Structure formats: C-alpha cells, structure tokens
Amino acid sequence: MENPYLPYPVRIDDIIVESEDRSLKTFKFVFLDPDDEARFAYKAGQFAELSIAGVGEIPIGIASSPVEKGFIKFTVNKAGVVTTHLHNMKVGDIMGVRGPLGNWYPWEMLEGKNVLIVGGGFAFTTLRSSIIYMLDPANRSKFKDITVVYGARTPGMLLYKDELIEWEKRDDINVHITVDGTDDPDWKYNVGFVPPITEQKAPQGDADSYAIVCGPPIMIKFTQPVLETLGYDHDHIILSLENRMKCGIGMCGRCGIGRELVCKDGPVFTLAEVNQTPREY
Amino acid sequence: MSTYTENIQQIAQRLLKECRVEMVIGFRKGSMPLMNEPCVITQPEAVNQLVWDSNCGINLTHYLTNRKEKIGIVAKGCDSRNIVTHITENKIQREQLVIIGVPCLGMIDRRKINAMVEGDIQSVSETDDAVTVATRNGEQTFAKMDVLQQNCAVCVHRNPVIHDEMVADPVPEQNGVDQYADVAAIEAMTPDARWRFFDELLAPCIRCYACRNACPLCYCPTCFVDESKPQWVGKSQDPMDVRTFHFLRAYHCAGRCTDCGACERACPVGINMRLLTKKLNKDCLDLYGWEAGLSPDARPALDVYKANDPEDFIK
Amino acid sequence: MKNLLEHMGIEPDRLHFSWISSAESTKFVSVVREITAKVKALGPNERFVKKEAKVA
Amino acid sequence: MKVIKIEKSDLAAGLDKLRGGYRLFGPVKDKTSHGFQELAAGQAPDLAFQNTRLSPKNLVFPQSETLLAYSLDGNDPEGHIAREVDKDYSPRAVIGIRPCDAKALTLVKMNFDTDAFKDPYWLNLYNASTFVGLACDAPGGTCFCTTTGSGPFHEEGLDVLLVDQHDHFLAKVLTDKGEKLMTAAGFNQSADGDAAVEKAKTAAEAAITTAIVTDSLAAADPMALYNADIWEDIAFACINCGTCTFSCPTCWCFDIQDEAQGNKGVRMRNWDSCMFPLFTMHTTGHNPRDTKVKRTRQRFMHKLKYFVDKYNAGIMCVGCGRCVRQCPVNIDIRKVSALMNNVGDAAKCAV
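Residue numbers (the working numbering), protein chains in the order written: chain A, 1 to 281; chain B, 1001 to 1315; chain C, 2001 to 2056; chain D, 3001 to 3351.
Check each hint, because a few of them may be wrong.
List of simulated lysine-lysine pairs, DSS-like, C-alpha gap at most 30 Å [what the hints assert, rightly or not]:
#1 K1091/B to K73/A
#2 K25/A to K169/A
#3 K69/A to K3118/D
#4 K142/A to K161/A
#5 K1091/B to K3118/D
#6 K2054/C to K1229/B
#7 K1315/B to K2054/C
#8 K2054/C to K1306/B
Don't read these hints as lab results, they were simulated from the structure.
Note that the structure is a prediction, hence the values are computed from the model and not measured.
For reference, chain A alone in the conformation it holds in the complex (with noise of 0.2 Å):
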C-alpha cells in the first residue's frame, strides 16, 4: 500500500528573497531521488505538504509549473513555526515534500475560452504557475484571450519582478501590475487596490470567459461585485480557498467546508460551489 504521509526527499537547490520585507522566499528543490520527479506530476493549482523532519508540514500552493522540469518551486511567507524554520534553513539542506495534493484549475474546461487572472499579495504562485503553463509554445494556442491582473501593497512587495516586466512585453497577454501606492517617481505600472483596476481593465465577461481569482480574503470580497457588473457568472468565476490543514488527503477532518474538503475536493472552487457550502474558510 503507497503511504500518502511519506514524503519525497528533496534538497534545497536554491533560495531567492522575493520581497523588500523578506517575510517571502522562494524555495527551488530537486528530487534525492530524479524518479521521483515523474511519481509529483501536478498540474497548475495544486499545492503540496513541505515537510520538515522535528518541526512538522505546512501546505504550499506550486508555484512551478508543470512545464518547467528538473525542480518544483514554492514561494513561502514567514507566519508559523513551519515557515518560520524553513525561512532559516539553507541552500542544500535536506528536506520533503508530499503530494501533489488537491485539485487544480479546470484546464480542460478552460480550453478554448478567455481568462482573466486576478491575484493580490503572496497568493500568486499557483497563479504564476498557471501563467507559465498557458504561456508555453504548446499550450498557448488552446487559449484565447489571457488577462492578469496583479497587486501588492508596494513594488518591492511584488513576486516574480522579472517575469512580470518580461510578460509585461509580451503581445500574446495583457497583464496590469498595480501597487497600493509608492513613493517611487520612476513607478510606470498602475496605483490602486486590485478591485478598482480590475474595473477599468479586464475584459467583459461572458460565456467564453472565466475568472480566477486568488488573494487575502479582503481582496475576494471587494473583487467579487466587480466581476459580477463585468458580467462573470459564479460558475465563471474560480477561486482557490485556504484553510488549516494537517493531512492533505482529506482525512484529518479540519479544513472541511460543509461536505466539501479544502484540501482534497478543493482547493480549487468556483464560487457557485462556495455559494452552497458555509463560509468556514
């Protein structure tokens, strides 16, 4: 019988400060063993258990992509014991990860459609992954029109600067990066909380279009009426939920909402299927 609890031993091949604050790092692993690189196949939206021997597991959105290989990568914010430990851990240092776990984004039903990508803070890395993947050569045809919108509280608070600036460019997506404010004269991307400059940038909703939304809870809120006068139904409209988790398999029992487990049937709902569950996230 496969054991879901034991996790994959991997090795801290790289570590990037992402933001100003340092409160985010970004974690490269590669696999001890490759093979196991083939047994973690993931797709965009699933998230996995980093597992550190003597301090415990914490669930991690992926932040790689499934077309990226060779290395899985997280972006992880200082809060608990776990994240806390793992942010003073070094490059080379032995550690696991256990998954891939949970759903992820509706790729298939996502084909041939519009997508909007909105994202506040820290809870762009599932979203990153997901832009990487629509963006690859092969997969960049089964997608119409691709839109993101991306704040953070200022610039240095932005993740993944470089590829932003590169997908700023590019033709085949319009992406919006937006801060709360800055006192930075040479800031060239918008001022504004994310709902406002979702207004005045995304695309109309229709029914070729879907919207994935991830970001503080604040942020889904004053988002969800914008994309609702933007004509996204609630089928339309995917969210990826948090909630406390230990297993990741849907058996400890804690992260369930109603019927639905967060981190096994979830963490990817639209908010249609939110609408009929308690808010217990």
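Since chain A is already given, all that's left is putting chains B, C and D on it; use the hints.
Then chains B, C and D, alone, in the frame of chain A:
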C-alpha cells in the same frame, strides 16, 4: 428543597419582566436521569424550563466569562465563590449580575449511584436527604449523604457567599468535617508511592480537556497546552505530557480553586484530579489562611505580600 | 510549586530555594555544597523526564 | 449461513488455541468500567458488560500513533529523511466487540479507504483484525442503534456474531475470516440455531426504547440547516471539551505532530476534535470556527448532514449513546437531531 424550582422560576420571571436582566442562566431538566443541562432563559414565558435538584453540579460561573449583558445567575455556594473570583479577576462586573442564591445540600455523584445499581436508571426522585432510583429491577433508596460528590460531602460553604436574591433560607453549614483527609493520606506516602499513585490516577486520561473546560477558572484565551510558539507540552498520550498538563493546570488554579468539583464531575473517565488542586487549597489554607472566593474585597493569597508570609522553603 | 511537585512524587531534596545576596559568597558556597550533596545522594532524576514519546 | 455452538466452558480453551496465530483483544474491567485492551496470556475477555466506556476505535486508530521516524543527524546520509517504521500487523482477533461499534468501523473506513488515497496505518490494523461480535441482549437506555442503520444483532463489519444462550454461545460465522478463526479455535460443533438467534434478535430490538429522528435530514438544504436559529440554544451549555468526539466510535479527526528528542524524532498523529478552537485556527490567527456555537454546529452537521450528503450511507452515528452518557452538560444528539429534522420538515412544508 421542593420549593427551590418554583422560587427560581418566580425570581427569574420577575427579573426578566422588570428588565433587570437580559437573561437568566440556570439549569433545565436533562435528557438523562441524574443530569441537568445548563441553559439560558431570555423570555419571561420560558422560565418554566428552569429546575433545581441535586443534579446541578456544573459550575455556572463558567458561562459568565467576559459576558457583557445584564445577567441573572442561579448560584449555589461554590458557584457564588467562583463568581467572587470572576469579579476579583475582572471577568465579569458585579453590577452586571443579579445573583439568585441557592442554599445547597450537596450534589449527587451519578457515577456512585450507577455503580451501586443493576441496570439502567429509568427515573429518579429525591427528598432533602434521600434519593430513590428506579431500574427495571425495582426501586432503591439511598441516603443522600452516601451518594454525594466527594467535594460536596466535605463542603463547608454550602450557602452563597454573595447574592441578591435567595430561593430559600440558608441551610446549616457542616461542622467538623475533615476536608483534607484524602490529601493528607497522599502526603503520608513516600515519594515513590506518590509518584506511582499519580501515574495510576492519570493513566486513563484521554486529554479531552473536559476538566479544564468545565472549570470556571480556566478561561485563558489560549491554554498553555494549545500554545505552539513555543510549544510547552507534547500533544500525545505520553504519560509525562499528560502529567504535565494536570500538574500545570492545578498550579494555575492555586489560590483560586473553590473545590466546586466541576473538573471531576466532567471527566468522562472518572479521574479525581482534585487531589492536585486540593493539595494547593490545603497549602493556601495552612500557610496563608486563605480560602478562595469568600469576599470580593479580599485580594487573593498569591496576589499579596505580607511580612509574616511563611518562608521556610527558602534556605 | 515545590509542595505540589513533592505531592506528585518528586523527592523533597531535588528542588531548593534560597535567597543569597551578591555579598554573601560564603552562604552561596555552603548552599551549593549542601544542594549538590543532597541531589547526588538521590541520584539521577528519572521523574518528569521525557526521553521519547511513548505512543503506539 | 453457518451457525456453530460454543459451550461457555469451552470458550477460554478455544481462545487459548487462537493465541498461536492471533494477538487477542477484548473487553477488560478496570475499577469502574470496561475497556478494550490486549489480552495477556491466560487472560479471558470479560463479556459481562453492556458496552465499553470508550469505543474500541483505538484498536485500529490508536489515540497517539507514530507515522514516520527520522534522524536529525547532519552526518547521517539518511538524516532529515522521514521513513516508515516497523509495525506489527500480524493477525489480531477482537473478541466481544458490540455490533454498533463494528458498524462504526465500516463508516470510518469510508474516510480512510478512498479511491485517491489509502491510509495504511488504519487499513493495515483493520485488515489484520478479525472481529468477533457479541450481540446485545440487554441494550441500555441511551442505545438507539436501531434508528441509525445499526442494531443489537447487526452483522455489518463483523466476521463472527456471538449470541448468548445462557450456557452456550451460538456463533454466526459471517465471513471467510470468521470461518478461519473458528477453525483455528477448534469451534466446529454445527448447530441449528437460526430460530433461536432470530428470537433473541427480535427481543433485543424490542428492548430499544429510544430513537434518533433523521428522516428529513437527507432532503434538507444544508445551508438552511446551517443557518437555522436552533444552534445558540443547543450550544449554550457546551464547554467545548473533546468528550463526545473522543468517546465516539465514528469520530476520526486527527492532528499530525512532529516530536524530536536529541537527534531522533517521529511524526505522529493524535486524535483531534472539532470542539477545540485550535482545530481550525489559521496561522494568521483567523479562525473560521471561532465560537463554540460554530464548533458545536460543525459536530452535528458533520454527523447528521455533511456525511449523509457525501456518502449517501446514512448518518455518521451508530447509536451507541456514549456521547449522551458522557457529555458533562448533557447535550443529547437525539434532541439535536430532532431539532434539525424539524428544520428539514418546516422547509418541506414551505415548498
């Protein structure tokens, strides 16, 4: 005691009708023999739910913590002492409360009775000094003194120490009871025997925390066993972690515990963890002449320094 | 603290309290001598020590 | 179906024969109550009990259980790599489990044995066990198994069902596993006991006098139940302890913890409870179930609605009555279910 229920209902109705309180916290009849359920009444017409008998052992002060409303609360002797402690510790304001005092003749230990009868108890009736239970094998009557909770049997504060209403005249206090015989028996053991005694006592613990959660003193927003930064105690069934929980919880109750027995009563596996808290009660009494919750004007023993505090433990 | 620990079976001579001024060097020495002698006489403490979690 | 007669005087000898091939577990009485534990050599199960104080779920789901172990030694090539630990999954025989508790394990199995993932710890212990049930002749006043889809003679989840006939047991052999165990014990005296078993069963079922009402729950709108105005009153008395969840044979929630001492450590799981605030507390301090009303509602909604909707296998309760008996403040699932059912009824009428 037969008039208690009626008087509680009348007082509660009056308080609610006169808008002196927004709610009355008391007991309603339980679904099980020998059990009642704490409840809150907000409508004058609902006061007929309220009951009183010898199965009201839960300490209702638990339900007062940090409440903001004007509250009528039914309180027996120990409850009233915990209300005093709550007032002293700023968990409730005296002005918020209308205390409906109940002179208490002791609460029944349902496990004691269950252990003495064959088969399930179907119904129960009681008088001031006797309890009659019916099973399918017939009726059995017990003297109440023989089936009281242990803490009630040695209680010397049966009458409320603080009250605004009384449902009956005070009952006589018990004189000459040896409150701490059980603690003294443990004190007489060797350290080895004491260590083994508590090993055995705590062995059945399942860490459900019913003792902590039933205790009116245990109102910390995050209990030390639930802290993760840092994590003070392991969370498994390891005997040392179990013992650490009980030891530290008892210590957190030092000088505050009224020996209301809520912890022992709540325990699903019948552990008498009062043998830890009572040791501290005994020491507080012996060393500082302190009993918790007797007056809102007195500062607790661990809260004050007196020049004549014993200091033999310091070399 | 001491009383409850002893109540639970920790040997009385394991925990000591003392009040020593920084000027009382001789008292410090004598208290430490006394304590170490008493604790040595008891041997290593096996109680309230968690070596590894005893779980299934 | 095969029925075998076991003289009570032969039971101990038969169990002794089993010890060569099985570890034996059974009810044992401590000072005040019965509990399941491993039977030492020569120790007989004490079958004179109504039911054990705690459910036998710990036999397949220990309250604290090691999952993985690791070294934290930086010089160890295996350092910081979690590995499985050796466990004893040799055959076990559980003697005297009540039918309600065996049925409970089949409900819990739905959680641990899924298409996507299998929990090896739970399943290995479950599969290693042969369950010899003891039919209930004298159900208690808090037993309501017959209205939960279980019953005093319910056979689901059992390999053998023992029926007490004063001086002997009639053993209904229900599975191949059961057959194997009976052969190993040397119990082979066939009996024509169907009529006697049926008679005892009818009497036992009639002795169950209380019920849980659930008929309108499956059709009810979950959000209507969730938002109903019944929960404040239900939850008022609740002290949010884990008594109900820990004593329940169908509660399976758990926590995972790492514990290290020196250079060695383990990852373990411990029972957890939806009654505890920490169960759902986010690192940020945000808690989606931050009040006791929400936590109490979660327990009953999970048992009586979410589980019903998710598995279409009835409620997540077998009517053993432990939570009713042991709740320190007398919150009664039968009463709560009736209130929930009323909400379901009211909604039906509104349509």
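Now the hints, each set against the structure:
1. K1091/B to K73/A: With Cα atoms ~49 Å apart, K1091/B and K73/A exceed 30 Å; violated.
2. K25/A to K169/A: holds (25 Å)
3. K69/A to K3118/D: Between K69/A and K3118/D the Cα gap is close to 28 Å, so the pair holds against 30 Å.
4. K142/A to K161/A: Measuring from Cα to Cα gives roughly 26 Å; hence the hint holds.
5. K1091/B to K3118/D: violated (48 Å)
6. K2054/C to K1229/B: Between K2054/C and K1229/B the Cα gap is close to 23 Å, so the pair holds against 30 Å.
7. K1315/B to K2054/C: violated (37 Å)
8. K2054/C to K1306/B: violated (45 Å)
The structure fails to meet hints 1, 5, 7 and 8 from the earlier list, while all remaining hints are met.
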